[in-house]
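Student: Spelled out, the chains give:
2 protein chains.
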Amino acid sequence: MSETAVDVADAAVFDDAALVEERMLELLSQRTQRSRAFAPAYAQLWQAVERMAAGGKKVRPRMLMRAYHALGGTDTRTAVDAACAVELLHLALVIHDDVIDKDLLRRGELNISGQFAVEVMVRGATRHEASAWGEASSLLAGDLLLSLAQSLLARLDLPQQRRLAVLDLFDETLFESAAGEHHDVWLSMHLEASSPTDVLAMLDQKTAAYSFRAPLVLAAILAGSEPSIIAELTTIARQIGVIYQLRDDILGLFGDERATGKSTLSDLREGKETLLIAYARSDPSWQGVEALFGDRELSIMEAPELRRVIEQSGGLAFVESVIADRCRHVHDLIGSAALPPAVKDQLTELTTACSARDS
Amino acid sequence: MSETAVDVADAAVFDDAALVEERMLELLSQRTQRSRAFAPAYAQLWQAVERMAAGGKKVRPRMLMRAYHALGGTDTRTAVDAACAVELLHLALVIHDDVIDKDLLRRGELNISGQFAVEVMVRGATRHEASAWGEASSLLAGDLLLSLAQSLLARLDLPQQRRLAVLDLFDETLFESAAGEHHDVWLSMHLEASSPTDVLAMLDQKTAAYSFRAPLVLAAILAGSEPSIIAELTTIARQIGVIYQLRDDILGLFGDERATGKSTLSDLREGKETLLIAYARSDPSWQGVEALFGDRELSIMEAPELRRVIEQSGGLAFVESVIADRCRHVHDLIGSAALPPAVKDQLTELTTACSARDS
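Those sequence lines, one after another, are chains A and B.
Heads up: the first sequence at position 165 corresponds to 164 in numbering that gives the first Met the number 0, and the numbers run straight through without jumps.
Heads up: the second sequence at position 337 corresponds to 336 in numbering that gives the first Met the number 0, and the numbers run straight through without jumps.
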């Protein structure tokens, strides 16, 4: 790509991001406005959603917009709505994931459950009531955003066949994400031994389907790409998604909290079954720390011992090697794919960004 | 209506109910089938949803189908899909309502949370894990059904304007139900004094919008009814919905558990803010029992005293008089509405059934 082409592409991506921000704000503030006719707390809920939406990096919408243009799409307005849908789906899943994990914080700040719980505690609610109120608020916010995402897609002005393809993709995406989330909770109970294959399948379902496949394949459907292009994008997107999640699991235990915004204790306390853990379990040294894993009271003094065993078992090196292998594999897939050069550039950059990131 | 016409109408309603059952089963069993490619527990989740769906009385789908025919609609297949969507939305909201209330039973049997929690307790999960697993399963089941309901509506083969009207109705319905549910949880914390007006508005939002307005107005949109018909149906449906809920609140405290399938303790333990309670609060005798209300440990020996105060405060008689007033008002509305006679018959029967039912 020439330098001018890069500049143009960057400028387009910059403009697109602004358009997505603007449209998200419009969609959500309309709803905040409507909610004022109901109870004050309902308006607060929509305001909390607006704040959450304003804070995000919009990684998925940017991915969609860039792929859409690279695939020759020209109807920016339709693509912006689809990009908003992808972001709203992400917010809905994150909110419901926090309900499932009973988290009150997200990236070091009170999430919706936390904000609502704190507010009523101050007003005299019991701890039990406050926590139920926080959870109810998050559960409803997630429902509303999930439905808003789907509604946006259902309203796209598209020929019938393309519209059905978009709806199919949304259905499949939610079906898989829910399967992955369900399996993640299952694995964290450790009722049966889990294999690295189980863990990788779960990551693929829980994250890759909605965070990578959905934005890229939506872009292709909207741009009117051939089925062969969609098939190639599907395969590559899922592979990148798993790389992203493997890096995420490493950062969750060994990352710099200031950079990631995520406590390196929470995955250990939760007993989150990652590939690191699935590997470390097979080492004799695991027995000595097994009781610490999944201990909700795990202290900052005990965690380093657990991390040391995971590292010395070879678990960390193993996952790094899996990431490196998968990166090579993805680069091969991209190399041999019949995709437009601009799309290949995007996928190559995305792979590097996902595998090498430190936040 | 002549006797023959009644027979024909009954036969049509009977056939419609069978078609709805069949289509629901088809939709859900397809998904159970697909879920088998994922974890066994995910397939169990879909099976639990199938059982739940098979057990219902399908009140809302029947309402929609009957109104659709009465309004002159002839595309039974489209109406059946819309009827399934209404039922799926109901199931989703019921499941999420149980998550919010932390209920493990529904109509005396283990609900999805209960079934999933019990199963893993037997396999050695801790109580904390089992309850989190049950809740996660219900939360995800609700998400999946909510989205399936919306997906069915989005796929209806309709002219653009009618399709958008259907999507608008779904959006508004969920927006209001969520507002009502949120306000219901808020009122049950009793952080501020609530008025009968608050309680009635909450009932209208939480139940009337999705259980009565949505099926009747969907029928009218699909049948291509005039906006004036839709406006009249909207008003009448909401009024009937509130009557239904007022009767429900009475049955929740004073009903026959064997007939209703619902414990007459649960609303009291939950501290559910109904019109009965809003009225009883204004009576001096309330102070003597206030501490019992919302007590999660309320015993079967203490409840009668609470019920006695609600009755002797005049609360029960007040709510009965509100129901009677509202029934008269609805009958007047139906009488003066410009609706087809068959629709008026349906609405009249519905009003009577909602106000006088004992289960």
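Hint data in this document are derived by calculation from the structure and do not stem from the laboratory.
Among the clues, some could well be false.
A pair counts as met if it fits within one copy or between any two copies, since identical chains are not told apart.
Said to hold, decoys possible - Within a straight-line C-alpha distance of at most 16 angstroms, the following computed EDC-like cross-link-like pairs (lysine to aspartate or glutamate) qualify:
(1) K261 x E319
(2) K261 x D156
(3) K101 x D167
(4) K101 x D344
(5) K101 x D294
(6) K343 x E296
(7) K261 x D344
(8) K343 x D74
(9) K271 x E128
(10) K56 x D102
(11) K101 x E319
(12) K56 x D331
(13) K343 x D331
Student: Give the relationship of K56 and D331 under a CA distance limit of 16 angstroms: within one copy only, between copies only, both, or neither.
Tutor: neither (29 angstroms within a copy, 56 angstroms between copies)
Student: For K101 and D167, with the copy left unspecified, which applies at a CA distance of at most 16 angstroms: within, between, both, or neither?
Tutor: For K101 and D167, neither the intra-copy (31 angstroms) nor the inter-copy (33 angstroms) Cα distance is at most 16 angstroms.
Student: With identical chains, the pair K261 and D344 could be close in the same copy or across copies; at 16 angstroms between alpha carbons, which is it: within, between, both, or neither?
Tutor: neither (30 angstroms within a copy, 61 angstroms between copies)
Student: Using 16 angstroms as the alpha-carbon threshold, which applies to K101 and D344: within, between, both, or neither?
Tutor: Answer is neither; intra-copy 40 angstroms and inter-copy 49 angstroms both fail.
Student: From the Cα coordinates, with 16 angstroms as the cut-off, is the pair K343 and D331 best called within, between, both, or neither?
Tutor: within (11 angstroms within a copy, 68 angstroms between copies)
Student: Checking an output row: K343 and D74, CA cutoff 16 angstroms. Within, between, both or neither?
Tutor: neither (21 angstroms within a copy, 47 angstroms between copies)
Student: How would you label the pair K101, D294 (within, between, both, or neither) given a Cα cut-off of 16 angstroms?
Tutor: Answer is within; shortest intra-copy Cα gap is 15 angstroms, inter-copy 24 angstroms.
Student: With 16 angstroms as the alpha-carbon cut-off, assign the pair K261 and E319 to within, between, both or neither.
Tutor: Cα proximity of K261 and E319: none, with 20 angstroms in one copy and 55 angstroms across.
Student: Is it within a copy, between copies, both, or neither that the alpha carbon of K101 lies no farther than 16 angstroms from that of E319?
Tutor: For K101 and E319, the Cα distance exceeds 16 angstroms both inside one copy (30 angstroms) and across copies (41 angstroms).
Student: Reference check for the pair K343 and E296, CA-CA at most 16 angstroms: within, between, both, or neither?
Tutor: Neither: 46 angstroms inside a copy, 63 angstroms across copies.
Student: At 16 angstroms max between alpha carbons, let me know whether K56 reaches D102 within a copy, between copies, both or neither.
Tutor: neither (21 angstroms within a copy, 37 angstroms between copies)
Student: Checking an output row: K261 and D156, CA cutoff 16 angstroms. Within, between, both or neither?
Tutor: Neither. Shortest intra-copy (40 angstroms) and inter-copy (46 angstroms) distances fail the 16 angstroms Cα cut-off.
Of the numbered hints listed earlier, those contradicted by the structure are 1, 2, 3, 4, 6, 7, 8, 10, 11 and 12.
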